[in-house]
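K.L.:
Listed below, chain by chain, are the residues.
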Amino acid sequence: MPSANVRGAQPSAERRLSTLVRHLLPSSARTAAAATTTSAADFLEAFPTMASSSVFAGLAQAPEDPILGVTVAYNKDPSPVKLNLGVGAYRTEEGKPLVLNVVRRAEQMLINNPSRVKEYLPITGLAEFNKLSAKLIFGADSPAIQENRVATVQCLSGTGSLRVGGEFLARHYHERTIYIPLPTWGNHPKVFTLAGLTVRSYRYYDPATRGLDFQGLLEDLSSAPSGAIVLLHACAHNPTGVDPTLDQWEQIRQLMRSKSLLPFFDSAYQGFATGSLDKDAQSVRMFVADGGELLMAQSYAKNMGLYGERVGALSIVCGSADVAVRVESQLKLVIRPMYSNPPIHGASIVATILKDSNMFNEWTVELKGMADRIISMRQQLFDALKTRGTPGDWSHIIKQIGMFTFTGLNSDQVAFMRQEYHIYMTSDGRISMAGLSTRTIPHLADAIHAAVTKLK
Amino acid sequence: MAMCSRAAAAIRRRGGVALAPPHARAMASLFGHVEPAPKDPILGVTEAFLADPSPDKVNVGVGAYRDDNGQPVVLDCVREAERRIAGNLNMEYLPMGGSIKMIDESLKLAYGEDSEFIKDKRIAAVQALSGTGACRLFADFQRRFLPDSQIYIPTPTWSNHHNIWRDAQVPQRTFTYYHPESRGLDFAGLMDDVKNAPNGSFFLLHACAHNPTGVDPTEEQWREISYQFKVKNHIPFFDMAYQGFASGDPERDAKAIRIFLEDGHQIGCAQSYAKNMGLYGQRAGCLSILCEDEMQAVAVKSQLQQIARPMYSNPPVHGSLVVSIILNDPELKSLWLKEVKGMADRIIGMRKALKENLEQLGSPLSWDHITNQIGMFCYSGMTPEQVDRLTNEYHIYMTRNGRISMAGVTTGNVAYLANAIHEVTKTK
Numbered sequence: 001m002p003s004a005n006v007r008g009a010q011p012s013a014e015r016r017l018s019t020l021v022r023h024l025l026p027s028s029a030r031t032a033a034a035a036t037t038t039s040a041a042d043f044l045e046a047f048p049t050m051a052s053s054s055v056f057a058g059l060a061q062a063p064e065d066p067i068l069g070v071t072v073a074y075n076k077d078p079s080p081v082k083l084n085l086g087v088g089a090y091r092t093e094e095g096k097p098l099v100l101n102v103v104r105r106a107e108q109m110l111i112n113n114p115s116r117v118k119e120y121l122p123i124t125g126l127a128e129f130n131k132l133s134a135k136l137i138f139g140a141d142s143p144a145i146q147e148n149r150v151a152t153v154q155c156l157s158g159t160g161s162l163r164v165g166g167e168f169l170a171r172h173y174h175e176r177t178i179y180i181p182l183p184t185w186g187n188h189p190k191v192f193t194l195a196g197l198t199v200r201s202y203r204y205y206d207p208a209t210r211g212l213d214f215q216g217l218l219e220d221l222s223s224a225p226s227g228a229i230v231l232l233h234a235c236a237h238n239p240t241g242v243d244p245t246l247d248q249w250e251q252i253r254q255l256m257r258s259k260s261l262l263p264f265f266d267s268a269y270q271g272f273a274t275g276s277l278d279k280d281a282q283s284v285r286m287f288v289a290d291g292g293e294l295l296m297a298q299s300y301a302k303n304m305g306l307y308g309e310r311v312g313a314l315s316i317v318c319g320s321a322d323v324a325v326r327v328e329s330q331l332k333l334v335i336r337p338m339y340s341n342p343p344i345h346g347a348s349i350v351a352t353i354l355k356d357s358n359m360f361n362e363w364t365v366e367l368k369g370m371a372d373r374i375i376s377m378r379q380q381l382f383d384a385l386k387t388r389g390t391p392g393d394w395s396h397i398i399k400q401i402g403m404f405t406f407t408g409l410n411s412d413q414v415a416f417m418r419q420e421y422h423i424y425m426t427s428d429g430r431i432s433m434a435g436l437s438t439r440t441i442p443h444l445a446d447a448i449h450a451a452v453t454k455l456k
Numbered sequence: 457m458a459m460c461s462r463a464a465a466a467i468r469r470r471g472g473v474a475l476a477p478p479h480a481r482a483m484a485s486l487f488g489h490v491e492p493a494p495k496d497p498i499l500g501v502t503e504a505f506l507a508d509p510s511p512d513k514v515n516v517g518v519g520a521y522r523d524d525n526g527q528p529v530v531l532d533c534v535r536e537a538e539r540r541i542a543g544n545l546n547m548e549y550l551p552m553g554g555s556i557k558m559i560d561e562s563l564k565l566a567y568g569e570d571s572e573f574i575k576d577k578r579i580a581a582v583q584a585l586s587g588t589g590a591c592r593l594f595a596d597f598q599r600r601f602l603p604d605s606q607i608y609i610p611t612p613t614w615s616n617h618h619n620i621w622r623d624a625q626v627p628q629r630t631f632t633y634y635h636p637e638s639r640g641l642d643f644a645g646l647m648d649d650v651k652n653a654p655n656g657s658f659f660l661l662h663a664c665a666h667n668p669t670g671v672d673p674t675e676e677q678w679r680e681i682s683y684q685f686k687v688k689n690h691i692p693f694f695d696m697a698y699q700g701f702a703s704g705d706p707e708r709d710a711k712a713i714r715i716f717l718e719d720g721h722q723i724g725c726a727q728s729y730a731k732n733m734g735l736y737g738q739r740a741g742c743l744s745i746l747c748e749d750e751m752q753a754v755a756v757k758s759q760l761q762q763i764a765r766p767m768y769s770n771p772p773v774h775g776s777l778v779v780s781i782i783l784n785d786p787e788l789k790s791l792w793l794k795e796v797k798g799m800a801d802r803i804i805g806m807r808k809a810l811k812e813n814l815e816q817l818g819s820p821l822s823w824d825h826i827t828n829q830i831g832m833f834c835y836s837g838m839t840p841e842q843v844d845r846l847t848n849e850y851h852i853y854m855t856r857n858g859r860i861s862m863a864g865v866t867t868g869n870v871a872y873l874a875n876a877i878h879e880v881t882k883t884k
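Chains A and B are the protein sequences, given in the same order.
First residue of the first sequence: 1, per my numbering; consecutive thereafter.
First residue of the second sequence: 457, per my numbering; consecutive thereafter.
Pulled out of the complex, with its shape left as it was, chain A reads as follows (with noise of 0.2 Å):
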């Protein structure tokens, strides 16, 4: 196209194109370009499409999301050694990805019932559903349930609960800064900045201790403005495993209702933490126990195993039964501008099992399976580094709680370890421990002993 117009161009002509390609070309083409004297004739014929006119020609390439991105480059790594440790996704023993038998129960029956919903669910997704849901995480006697207190949406899983409620917060709550612990799960923050929200950071992670640092949480948590948003992982804190004691859950409660902060919690491990989906929403009952509001965003992507049916729910918790109406249909007008209505067949599945005692009791001994390897996997790679004589302190990796350990390792070793022995994980030093079996310890153990003594 341009080419042959351009070439034997005159000077002022050349000059004018030269400032057209630099605004047309993307900044790191213009940067290599600035160091070089070559005619702009040249680079439009380097860049034919450059002189075109579409409106989308200065796009850059987005830069690979930090932990999708570890699994892409995992599929890409042709070494049959090769290990990903990166996206939570449980894995069996085998190293397969497992659909739960009480799930593939409720798939045939679906299919089987003629009078299943065959067209669009309404707005806030599928109301047995919802019932349910918000029965699972705050328990079925809880008097906010009682009260009919308790607005919950259908949403997708655990990041679509999380945008609804911060889209929600930004246009109606009064205080648009949410603060989020250091550190967090990587899409969290990008969630409630487009939300509309602010974000702020609380320190909770203690590199010395590999621990919790209360007292650090407690003062930023103090100094926090007034009615701020508060986000928590109701349990197994992604990334780092550490959870509060329910003790330092009491003491965080009164400091938050003290100061009118608005919890919003983040539960997308419940059953996966300690293998009981009571003792995992513990902490969420506590603060719906004294009478105040919250957020929830549920996931079942994990815990059912429902990972791209995108099920989940946004549950919030208000202060009466009035409010709680007029607020679900605010979370109507952000839903329906999204995506109209969310998808049928997760929820369906979730619902037919959560409502059937037999098939509710199947799955708590599957969850309980999954939970009790994983922890397995823990006391093995602690036994396996323990065996190397792999110097530093490990015991965080048992003492951590959940689908991951924050191994502590920096990103030199994260990167030694993915190019000398083939193991993936996010280069914050997180590894799903779901990932491993017994068979590929031994590979981990090594790598991380290797990375250890060779780097520091």
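Keep in mind the hints are simulated off the structure, nothing from the lab.
Treat the hints with care, as some may be off.
[To be verified] Each computed DSSO-like pair below joins lysine-lysine, with the alpha-carbon atoms no more than 27 Å apart:
{"no.": "1", "chain 1": "B", "residue 1": "K575", "chain 2": "A", "residue 2": "K76"}
{"no.": "2", "chain 1": "A", "residue 1": "K96", "chain 2": "B", "residue 2": "K557"}
{"no.": "3", "chain 1": "A", "residue 1": "K76", "chain 2": "B", "residue 2": "K577"}
{"no.": "4", "chain 1": "A", "residue 1": "K118", "chain 2": "B", "residue 2": "K794"}
{"no.": "5", "chain 1": "B", "residue 1": "K495", "chain 2": "A", "residue 2": "K332"}
{"no.": "6", "chain 1": "A", "residue 1": "K118", "chain 2": "B", "residue 2": "K495"}
{"no.": "7", "chain 1": "B", "residue 1": "K797", "chain 2": "A", "residue 2": "K118"}
{"no.": "8", "chain 1": "A", "residue 1": "K131", "chain 2": "B", "residue 2": "K495"}
{"no.": "9", "chain 1": "B", "residue 1": "K686", "chain 2": "B", "residue 2": "K651"}
{"no.": "10", "chain 1": "A", "residue 1": "K76", "chain 2": "B", "residue 2": "K557"}
{"no.": "11", "chain 1": "B", "residue 1": "K513", "chain 2": "A", "residue 2": "K118"}
{"no.": "12", "chain 1": "B", "residue 1": "K557", "chain 2": "A", "residue 2": "K118"}
{"no.": "13", "chain 1": "A", "residue 1": "K76", "chain 2": "A", "residue 2": "K96"}
{"no.": "14", "chain 1": "B", "residue 1": "K686", "chain 2": "B", "residue 2": "K577"}
{"no.": "15", "chain 1": "B", "residue 1": "K688", "chain 2": "B", "residue 2": "K794"}
{"no.": "16", "chain 1": "A", "residue 1": "K118", "chain 2": "B", "residue 2": "K789"}
Use these hints to put chain B onto chain A, whose structure you have.
P.N.:
What follows is chain B alone, placed relative to chain A:
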């Protein structure tokens, strides 16, 4: 109430801080000031219908297909696909951009099996949450990368279009579309607005079966619109929610898009499988943007993923499996084409029947528009007051803009419907 006060008292005894008892708390709620939101104009209709106990009630409100018994339908091809999925496939996360297989098949449907743009990998495409989700991703993308741009939306349009671009914070304008007097297209008005819009404006176009009017430009008119768009350097964004549903032939229903592609436009396109595959609640759709070249398409796709990640991380897998299985299997695809034609034909038949009934009743008005319009909806031309009479006196439910969902019309209720319409319109 009592339980809560007891809990509060228990906490106080332990020395903790508890809030005031419930009746006082109602005033102290952090959300006490939240207003009740207005009901959605479309979805609220079905709610009202469901609440009505009358045995004669008719729902011609929301656009979900019904068979001649007024029952919702799961297509046979979908049933078979679901049988193959259950017990066999896992539920792992899709990539942020969704299922590659589903995207590939969707692009073939919209751009053509042998599209050079597909061969040249020039299309940035991601799986989206049905048509709504595809439009929203595009609107957010527009906001992020062209923050000074605005969108021209036809008058009238699906009401949620306004909500989507508003929430994406993209300013909107309208362009002339529907001609009330003829109940057809105001083509001259449309072309004027296209010419008067600033160069390089974004326009939302319904690819086929315009919602809510059922009025589509002719092929000739589409060509003229496309030409004028080229002159003005406008950017067309197609919302295609009814491919296959309008004429019964998906290729024919994509004609407008193909014309624009031939003319060299770099289109955006939202596709939905809600109606044409009956996948409504599965939220299966696709957003595509035609780019300059492969490099740009890769960049644009990566940026679309950055918008999806903080919204829902990755799209739901089930619907995408159903779509991929059907479109990848020649037998299932052929079954689908038959079933979608069957749905379109039934609607075309109901249009004819409704018009004939009204004519036989001796209606003084012209009802040609019922059969001239295409797709799921008929813009009847009735006023909100007339619609209210239909609801209150005849238990017939539709949106107050006079839009009738033809999918809700059956051989069993068409006479009743025609009679009611006649009764409320025979005197002006």
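K.L.:
None of the hints should be skipped; say for each whether it holds.
P.N.:
Evaluation of the provided hints:
The hinted pair formed by B:K575 and A:K76 meets the criterion: a straight-line CA distance of about 23 Å does not exceed 27 Å. Proximity of A:K96 to B:K557 is assessed by CA-CA distance (about 22 Å); at most 27 Å being required, the pair is judged to hold. Restraint check for A:K76 and B:K577: the C-alpha separation of about 21 Å stays at or below 27 Å, so the hint holds. Between A:K118 and B:K794 the CA atoms are separated by roughly 20 Å; this keeps the pair inside 27 Å, and the hint holds.
Taking the CA atoms of B:K495 and A:K332, the gap is about 9 Å. The hint holds against a cut of 27 Å. Straight-line distance between C-alpha atoms of A:K118 and B:K495 comes to about 23 Å, which keeps the hinted pair within the 27 Å bound. Taken as a hint, the B:K797 and A:K118 pair is honoured in the structure, with Cα atoms around 20 Å apart against an allowance of 27 Å. In summary, the hint linking A:K131 to B:K495 is supported, as the alpha carbons are separated by about 22 Å, within the 27 Å threshold.
Between B:K686 and B:K651 the alpha-carbon distance is near 11 Å, which keeps this suggested pair within the 27 Å criterion. Annotation: proposed proximity of A:K76 to B:K557 holds, straight-line Cα distance about 19 Å (limit 27 Å). A hinted pair counts as satisfied when its Cα atoms are at most 27 Å apart, and B:K513 with A:K118 qualifies at roughly 21 Å. For the hint pairing B:K557 with A:K118, the CA-to-CA distance comes to about 24 Å; that is within 27 Å, so the pair holds.
Distance check on the hinted pair: A:K76 and A:K96 sit about 18 Å apart at the alpha-carbon level, within 27 Å; holds. A distance of roughly 23 Å separates the Cα atoms of B:K686 and B:K577; the hinted pair therefore holds under the 27 Å criterion. Distance restraint check for B:K688 and B:K794: the Cα-Cα separation of roughly 40 Å exceeds the 27 Å cut-off, and the hinted pair is therefore not satisfied. Between the alpha carbons of A:K118 and B:K789 the distance comes to roughly 21 Å, so the proposed pair stays at or under 27 Å and holds.
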